[in-house]
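Working from the sequences, and respecting the hints, build out all of it.
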Amino acid sequence: MTPVSSTTAAPVQPSQSDTLTVPPPNFSPNGGIFYMSTEVKLTADSLPPQAVIEYSTNDGETWQTGTQMVLSTGGTILSRIRAGTKLSHTRSASFALYFKRMLIIGNSIMYHPPSEQLGWFNSNGMAASAPERDFVHLLTARLKTLYPALETSLQLYPGLNFEGKFGTPGYTLDEFNQPLTDFKPDLIIVRIGENIDDTQAASRNLESNFRQLLDRLASYNQPVRIVCTTSVWYKPNFDAIVRKVTAEKGHTLVDLSSILGQAQCFASQYQNPGVAAHPNDLGMFYIADKIWQKIQ
Numbered sequence: 187m188t189p190v191s192s193t194t195a196a197p198v199q200p201s202q203s204d205t206l207t208v209p210p211p212n213f214s215p216n217g218g219i220f221y222m223s224t225e226v227k228l229t230a231d232s233l234p235p236q237a238v239i240e241y242s243t244n245d246g247e248t249w250q251t252g253t254q255m256v257l258s259t260g261g262t263i264l265s266r267i268r269a270g271t272k273l274s275h276t277r278s279a280s281f282a283l284y285f286k287r288m289l290i291i292g293n294s295i296m297y298h299p300p301s302e303q304l305g306w307f308n309s310n311g312m313a314a315s316a317p318e319r320d321f322v323h324l325l326t327a328r329l330k331t332l333y334p335a336l337e338t339s340l341q342l343y344p345g346l347n348f349e350g351k352f353g354t355p356g357y358t359l360d361e362f363n364q365p366l367t368d369f370k371p372d373l374i375i376v377r378i379g380e381n382i383d384d385t386q387a388a389s390r391n392l393e394s395n396f397r398q399l400l401d402r403l404a405s406y407n408q409p410v411r412i413v414c415t416t417s418v419w420y421k422p423n424f425d426a427i428v429r430k431v432t433a434e435k436g437h438t439l440v441d442l443s444s445i446l447g448q449a450q451c452f453a454s455q456y457q458n459p460g461v462a463a464h465p466n467d468l469g470m471f472y473i474a475d476k477i478w479q480k481i482q
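Numbering-wise (the numbering used here), the sequence shown opens with residue 187 and increments by one.
Hint data in this document are derived by calculation from the structure and do not stem from the laboratory. A portion of the hints provided could be inaccurate.
Unchecked claim - Calculated lysine-lysine pairs in the BS3-like style (CA-CA distance at most 25 Å, straight line): (1) K286 / K330; (2) K435 / K370; (3) K370 / K330.
To be verified - Taking CB as the label site, the calculated pair distances span: (4) G217 / P422: 25 to 33 Å; (5) S315 / K430: 29 to 37 Å; (6) G217 / Y406: 27 to 35 Å; (7) G252 / A316: 41 to 49 Å.
Every value quoted in this text rests on a predicted model; they were computed, and no experiment measured them. By construction, the Cβ of each residue, glycine as well, lies at the ideal position given by its N, Cα and C atoms.
Below, the structure written as structure tokens:
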């Protein structure tokens, strides 16, 4: 959720004598499934003198002061009234978000055509056993439960140029103009990193280039949710930069580092080492599930 007020630390829970006897604020709408950027308002039946309405989007860890917010993530919101050190009881409402147009920027884990030379004969994310088992289709199926038309509003865009050419003379981010302006995504998944030469992250200024990439994706004058993932291969420099820049820009980070070294998540049944290094069905499920958890 995008707050429209300042954040305050959660105060110490009051004793019974410090509890306000007024009802907590109401939500409008009062939970449900909504399109991203929906505005939620909070209203109080009665508000004591000098009292304020507060809400929390992280289970009460921190509280915002305000009477409205814009939904940017799903989850449960808490509301309460505070007057000095006195607090009302809390009220909760749960929200799920749907998106109409999803753009995935990826590599062969997203999609790879058949290649007899590699011993790969599918047309889906390498090395899922079938299209419906790669992370793109798994994630789309979940999002379709919230917005059934999403399947016809999915666009895949290769991030191979960025992975291979960032920071080199002649490369620009203009390649992303067309999918942004023509497709107009409201959800962008940046799922790259495996083809980046991690040893050149500093010399080719990956941090600055990745920052510029996120700025370009967020700059075409339409509300958009941007989700970035770390790599499923050992890319410590890339991963550190993704974590830093994604947090700096206020976007959503999906950390996939716990898959590293988990042999059961990779396609060892393939003889070609390049194909075998890709996530298998279990690995694809892991990726889709981690992204889904952060979206909802």
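Here's how the hints hold up against the structure:
1. In summary, the hint linking K286 to K330 is supported, as the alpha carbons are separated by about 10 Å, within the 25 Å threshold.
2. Restraint check: the Cα-Cα separation between K435 and K370 comes to about 20 Å, which is no more than 25 Å; the hinted pair holds.
3. Pair hint K370 plus K330 holds up; C-alpha atoms about 18 Å apart against a cutoff of 25 Å.
4. Separation of G217 from P422 is about 41 Å and departs from the stated range, judged on CB atoms against 25 to 33 Å.
5. Look at S315 against K430: about 35 Å separates their beta carbons, and that is inside 29 to 37 Å.
6. Between G217 and Y406 the beta carbon distance is about 31 Å. The supplied range of 27 to 35 Å therefore holds.
7. Restraint check, G252 to A316: a C-beta distance of roughly 47 Å satisfies the suggested window 41 to 49 Å.
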